[in-house]
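A.B. asks: Sequence:
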Amino acid sequence: MNLNKGHALIAVLSICLSFSVGTNIKTSEEHKKIRSKYEDVKGSYDDIYSRYYDLSKENDKIQEDLSRSSGEYNDLWYKYTSLIDKYDKLKAKYKKVAKPKKSSSKKSSSLNNTSSSSNNSSSSDSDNSSSASYTVYITDYGQKYHAAGCRYLKKSSISISKSEAEQRGYTACSHCHP
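For the sequence shown, our numbering gives the first residue as 772, with consecutive numbering after it.
Check each hint, because a few of them may be wrong.
Pairs of lysine-lysine residues, derived as DSS-like cross-links and limited to a Cα-Cα distance of at most 25 Å, are as follows [as the list claims (entries may be wrong)]:
(1) Lys862 x Lys915
(2) Lys813 x Lys860
(3) Lys864 x Lys850
(4) Lys926 x Lys866
(5) Lys915 x Lys860
(6) Lys813 x Lys828
(7) Lys850 x Lys860
(8) Lys850 x Lys925
(9) Lys862 x Lys933
(10) Lys864 x Lys803
(11) Lys857 x Lys813
Simulated from the structure, these hints should not be mistaken for lab results.
Using the sequences and the hints given, assemble the complete structure.
C.D. replies: See the structure below:
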């Protein structure tokens with residue numbers, strides 16, 4: 772029931788009640804019926820108004836929460852887009868710096884065609900260089916390189932060869948000993 776209609780109905784019943792009191796009503800029975808209807812309508816109106824008031828307060832709280840949540844969402848969205856931009860810049864920077872070195876297959880085949888003693892020495896040299904060029908991980912904020920799973924890689928981890936990390940001036944992490 773609309774509150775304005777409730778007000779109107781109560782007003783009409785009040786007028787009827789006051790009119791019936793002012794004029795001679797034939798029976799007190801009619802007066803009791805009108806009074807009873809008035810009390811019923813007034814009780815219904817009071818219940819509806821009470822529910823309306825409670826819902827209005829609840830709506831105000833929800834609007835306040837929505838406004839706060841909307842502000843938090845906007846702050847998080849701004850941080851997210853800023854992090855995406857930073858990530859893209861770091862990724863582009865890393866791609867520029869970490870260009871893979873081309874190894875000439877002609878040089879290695881010419882080395883293989885030499886004597887067996889030089890073949891053994893070149894194979895031990897390649898073993899040493901391959902052991903120094905396994906994958907390690909660096910962060911965007913430190914000067915150490917790490918093994919996979921190191922606790923210092925929680926915020927960021929960029930894979931890189933160990934030799935490249937050392938060329939860039941990174942040193943081994945004392946926690947994970949890569």
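A.B. asks: With reference to the structure, classify each hint as holding or not holding.
C.D. replies: Results of checking the hints against the structure:
1. For the hint pairing Lys862 with Lys915, the CA-to-CA distance comes to about 19 Å; that is within 25 Å, so the pair holds.
2. In summary, the hint linking Lys813 to Lys860 is not supported, as the alpha carbons are separated by about 69 Å, beyond the 25 Å threshold.
3. Straight-line distance between C-alpha atoms of Lys864 and Lys850 comes to about 21 Å, which keeps the hinted pair within the 25 Å bound.
4. As the CA atoms of Lys926 and Lys866 are separated by approximately 20 Å, the hinted pair is consistent with the 25 Å bound.
5. Annotation: proposed proximity of Lys915 to Lys860 holds, straight-line Cα distance about 21 Å (limit 25 Å).
6. As the CA atoms of Lys813 and Lys828 are separated by approximately 22 Å, the hinted pair is consistent with the 25 Å bound.
7. Under the criterion of a C-alpha separation no larger than 25 Å, the hint pairing Lys850 with Lys860 is consistent with the structure, at around 15 Å.
8. Proximity of Lys850 to Lys925 is assessed by CA-CA distance (about 18 Å); at most 25 Å being required, the pair is judged to hold.
9. Annotation: proposed proximity of Lys862 to Lys933 holds, straight-line Cα distance about 19 Å (limit 25 Å).
10. Among the hinted pairs, Lys864 with Lys803 is inconsistent with the structure: their alpha-carbon atoms are about 90 Å apart, more than 25 Å.
11. Distance restraint check for Lys857 and Lys813: the Cα-Cα separation of roughly 65 Å exceeds the 25 Å cut-off, and the hinted pair is therefore not satisfied.
Checked against the numbered hints above, the structure breaks hints 2, 10, 11 and satisfies the rest.
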